[in-house]
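A.B. asks: Chain residues, written in single-letter form:
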Amino acid sequence: MSDDARPANRTSTHETLNFHFTPVDPPKPEEGAINPHAKRTTHVPDVVAALKERFGADVHEVTLYANEHTVRVARERIVDIGRFLKEELGFTYFVDLGGIDRFTEEDRFEIFYNLVNIDAGKRLRLKIRVDEDEPVAPSVTGVWRAANWQERECWDMFGIRFEGHPDLRRMYMPEDFEYHPLRKEFPLLGIPGSLPLPPQAPDAPVSLDPFPAAHGSKPIKSYEEPETDLSEE
Amino acid sequence: MSLLSQIELKDQFRFWPRHNEALFKRLESKHAWLEERHHAPEDLTLDALDNEMVLNIGPQHPATHGVLRCAVKLDGETIDKCVLDLGYLHRGIEKVAEAKTYQEFMPYTDRMDYLSPYSNNVAWCLAVEKITGIEAPERAQWIRMMMCELARISAHLLWMGVGLMDAGAVSVFLWTFELREDLYNIFDHVAGARLTVSHSRIGGLFSDVTDESLAMIRAFCDKFDGAIEGWEKLLNRNRIWIDRNEGIGMLTAEEVVELGMTGPNLRGSGVPYDIRRFEPYLRYEEVDFIIPIRTEGDSLARYFVRMDEMKESVKIVRQCLARIPEIHGPIRVDDAKHAYPSKDEVYYSMEGLIHDFLYTDTGVCPPKGVWSYHAIEAPKGELGFYIESNGTGSPARVRINTPSFTNLQGLEYMLEGAMMGDMVILIGTIDPVMGEADK
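Residue numbers (our numbering), protein chains in the order written: chain A, 1 to 233; chain B, 1001 to 1439.
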């Protein structure tokens, strides 16, 4: 991922002063390098082999870093793969799901699934890629019920729709909000006017900007500032 | 377009009307239409008896332990359906993380689960250490482990005090807070702050523990043994407490796994899943402790699990207290690219100052295009950080898997069919912290 992928509000005008503590692209550690925090649960070559045997070309990429296996699979097959993992390989415990915005790359969004087989002590990460033009992924709530809220959060934060989700409401932001905040193009300080907030004083108007000072307007105060004679002195 | 949005509101301003509309629609309640009919033309007659009762509990209700909003549809005293509304404390700290360096982000984790900030710090530091490949010195690991267990006791004490206060026993709340005060004093001594400790650093700790703080911890352990014995005498066979908890919020082992719950809620239903055993981190493989498990799966089982967990934590703390004086050595990695130099170096050497400046400016840089996940067993359950790096000093993406969020999902299921009077007990038994659930 290039430096362009950093949030827009961090790019300074002094491009030449962009200083890096380490080289921009340090060499990737070799596969199998010993990580002091490596866990034996996350190293699952047997599961990867079983997936490859069963789904063949739908397993796109297998990576290993810090002793963690990540299997990137075809988006369309995620429900089948999930069902196979749950019913035949015992990955009954759904831990987590999250979106990743890769911004400038092809197939902009990624979704990872963090799955655990409690009895065998195994942890596996699945990944799928979703295109920006059609940000739709199949919902795995039919396989793991626990994915419900996580998928809602992913929809809320990245705007990826989950086909077949029973209740795709926003998780954190109100339904009236029109943006997806964890996308890289969303500014860190928010968009003024996108989210009306209660007035700060009884007579004050509704405030439409949570960070007025940052956007150059005057914040509404709930009190009158006492007059000072400091300026005269 | 619904009727609600057609009503002219004149000078009256409504916040997020579509949000509430969607919420009530999810509740499948006539209440939403009732609200519409309040503003409807004259020809629609209004009969309250046509409508079931819908109750909005929270976000300001004290029994919801924060800003949790539960919209419940009632049939008499039974909860027909419950919809939880989260996000009243959403600060977007995953977004904030993308604009901070790895070390800068650490104080934000204090504000997630504010009942056990120390374990959040440690969870974040371990996650960064994993993706970068740093190993903290042994002494730092033991201190971290000890403080994490104290944080677990502190969080469970709050659960206990508040949970019992919800059931009507205010005195227990005062007793537990007396001990939590001692814990805060310990944190103050060790870290320099009572609540937002921010003591852990990437690659080690900010400061070493003193003999005085070790003595305080030892005194706390002795005091705690006596205290918990008294509480167990009071509660374990207490008719009121058992009647309020037994058979309430029943979840089978299959259900908790299906709902993805973590922590004591999972172990109260007989699922042996604890990260300290599943993926041992720090020095948990070297200490002797058990994972308390109950198979009943009701609220009472979760009470026993948490009480036993506190006792196990004290056991671990004692073992740490015995080991820490034996281990001599640094508390932070001696590598300028991986950890801060000590303050002495910063003040008295040019290199130290440069390293300190560069570490504050850029900090650790994990390899480009890699990702990793590290989880710890926080008091509420599995707390994990997924980090994806782009080779610079700030992460490309941080995904925080918080236990309160996953547990609350199970609460929605538990509340359906429960009695209204048990609702407060059930929220207490899930033990959510909204700062963590809302991130």
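To be clear, the hints were calculated from the coordinates, so they are not data collected in a lab. Just so you know, not all the hints are guaranteed correct.
As the list claims (entries may be wrong) - No farther apart than 25 Å at their CA atoms in a straight line, the calculated lysine to any residue pairs in the SDA-like style are these:
1. B:K1095 / A:P192
2. B:K1025 / B:V1054
3. B:K1100 / A:G216
4. B:K1233 / B:F1304
5. B:K1223 / B:G1247
6. B:K1025 / A:R170
Stated by the list, open to error - Far from chain B, by Cβ distances over 12 Å, these chain A residues were calculated:
7. D58
8. E88
9. E106
10. P138
11. R145
12. E153
13. G159
14. E163
15. G164
16. A201
What the hints assert, rightly or not - Label pairs and their in silico Cβ distance ranges:
17. B:G1247 / A:G90: 27 to 35 Å
18. B:T1078 / A:G90: 46 to 54 Å
19. A:A120 / B:I1327: 28 to 36 Å
20. B:T1360 / A:L197: 48 to 56 Å
21. B:T1252 / A:K52: 29 to 37 Å
Since we're looking at a predicted model, the values are computed, not measured. Glycine residues also receive a C-beta, built at the ideal position from the N, C-alpha and C atoms.
A.B. asks: Are all C-beta atoms of chain B more than 12 Å from that of G159 of chain A?
C.D. replies: Fine: 14 Å to the nearest Cβ keeps G159 of chain A off the interface.
A.B. asks: Does P138 of chain A really sit off the interface, with its C-beta more than 12 Å from all C-beta atoms of chain B?
C.D. replies: 19 Å, holds
A.B. asks: Given the proposed pairing of K1095 of chain B with P192 of chain A, does the C-alpha separation stay at or below 25 Å?
C.D. replies: It holds: about 17 Å lies between the C-alpha atoms, which stays within 25 Å.
A.B. asks: Indicate whether the distance between the beta carbons of T1252 of chain B and K52 of chain A respects the range 29 to 37 Å.
C.D. replies: 35 Å, holds
A.B. asks: Check the non-interface label on E106 of chain A: least C-beta distance to chain B beyond 12 Å or not.
C.D. replies: The claim holds: E106 of chain A sits with its nearest Cβ about 15 Å from chain B, beyond 12 Å.
A.B. asks: Holds or violated: are the alpha carbons of K1100 of chain B and G216 of chain A at most 25 Å from each other?
C.D. replies: 23 Å, holds
A.B. asks: What's the verdict on K1233 of chain B and F1304 of chain B, does the C-alpha distance respect the 25 Å limit or exceed it?
C.D. replies: Status holds; Cα separation ~13 Å.
A.B. asks: Confirm or reject the statement that G164 of chain A sits farther than 12 Å, beta carbon to beta carbon, from all of chain B.
C.D. replies: Consistent with the label, G164 of chain A stays out of reach of chain B, its closest Cβ about 17 Å off (over 12 Å).
A.B. asks: Would the non-interface assignment of E153 of chain A survive a Cβ cutoff of 12 Å against chain B?
C.D. replies: Violated: least Cβ distance 8 Å, not greater than 12 Å.
A.B. asks: Grab the minimum beta-carbon distance between E163 of chain A and chain B and tell me whether it stays above 12 Å.
C.D. replies: 19 Å, holds
A.B. asks: Quick one, are K1223 of chain B and G1247 of chain B close enough, alpha carbons at most 25 Å?
C.D. replies: Judged against 25 Å, a Cα distance of about 33 Å means the pair is violated.
A.B. asks: Confirm or reject the claim that T1078 of chain B and G90 of chain A have a C-beta distance inside 46 to 54 Å.
C.D. replies: 36 Å, violated
This entry does not satisfy hints 5, 11, 12, 18, 20, going by the numbered hints stated previously.
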